[in-house]
Amino acid sequence: QEYLEFRKERSRMLLSRRNQLLLEFSFWNEPQPRQGPNIYELRTYKLKPGTMIEWGNNWARAIKYRQENQEAVGGFFSQIGELYVVHHLWGKGGGGVTPGGPPAWGAQECQPHPLPTAYRDLQSREETRNAAWRKRGWDENVYYTVPLIRTMESRIMIPLKISPLQ
36 QEYLEFRKER SRMLLSRRNQ LLLEFSFWNE PQPRQGPNIY ELRTYKLKPG TMIEWGNNWA
96 RAIKYRQENQ EAVGGFFSQI GELYVVHHLW GKGGGGVTPG GPPAWGAQEC QPHPLPTAYR
156 DLQSREETRN AAWRKRGWDE NVYYTVPLIR TMESRIMIPL KISPLQ
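Residue numbers are given in the numbering used here: position 30 of the sequence shown equals residue 65, and the series is strictly consecutive.
Treat the hints with care, since some could be wrong.
Claimed, not checked - Computed cross-link-like contacts, DSBU-like style, restricted to lysine-lysine with a CA-CA straight-line distance of at most 35 Å:
id, residue 1, residue 2
1, 170, 99
2, 43, 196
3, 99, 43
4, 99, 83
5, 170, 83
6, 170, 81
7, 81, 196
8, 170, 43
9, 81, 99
Worth flagging that the hints you see were computed from the coordinates, not collected in a lab.
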């Protein structure tokens, strides 16, 4: 019901809409349900045409620096719609359930496990990002991917109550 009300209200403000079909990077962890309340950061990168393979190769190495504390929630690239677009979803910690996920994600049973949650607030996000820059090797990977980017955007997202990523 809340979502339907949200859609109705949103349609009054919607001026345009774009859709994309995304695929997940194979080296990125699959998004897992998380306990909340949390916030997430969605970073969108529009790459120069012809650079997706180089981007993927660099990030396949770089992601290990951000997966150590499970802040890398999901990594996707466009397959239909505007091409050479990459989305990275970030949040600190895993939270959620044991492998297999809750029934909404395809499993019959699940058991909660005590992992940290995603970003609690913007301060938590800043501390986590600063910690990544202190890891030897992270800066080098960023150095090689920055020239591949035409534009980038960062959005802070708060999950709806129906989202498994609380």
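Now the hints, each set against the structure:
1. The suggested pairing of residue 170 with residue 99 holds, with an alpha-carbon distance near 11 Å, which does not exceed 35 Å.
2. Note on residue 43 and residue 196: the hinted pairing holds, with a Cα-Cα distance of about 17 Å set against a maximum of 35 Å.
3. Distance hint between residue 99 and residue 43 is unfulfilled; the C-alpha atoms sit about 41 Å from each other, more than 35 Å.
4. Among the hinted pairs, residue 99 with residue 83 is consistent with the structure: their alpha-carbon atoms are about 24 Å apart, no more than 35 Å.
5. With a C-alpha separation of about 27 Å, the suggested pair residue 170 and residue 83 falls inside the 35 Å cut-off, and the hint holds.
6. Restraint check for residue 170 and residue 81: satisfied, since their Cα atoms lie roughly 26 Å apart, inside the 35 Å limit.
7. For the hint pairing residue 81 with residue 196, the CA-to-CA distance comes to about 30 Å; that is within 35 Å, so the pair holds.
8. The suggested pairing of residue 170 with residue 43 is violated, with an alpha-carbon distance near 45 Å, which exceeds 35 Å.
9. With a CA separation close to 22 Å, the supplied pair residue 81 and residue 99 stays within the 35 Å bound.
Violation of the numbered hints given earlier is confined to hints 3, 8; the remaining hints are satisfied by the structure.
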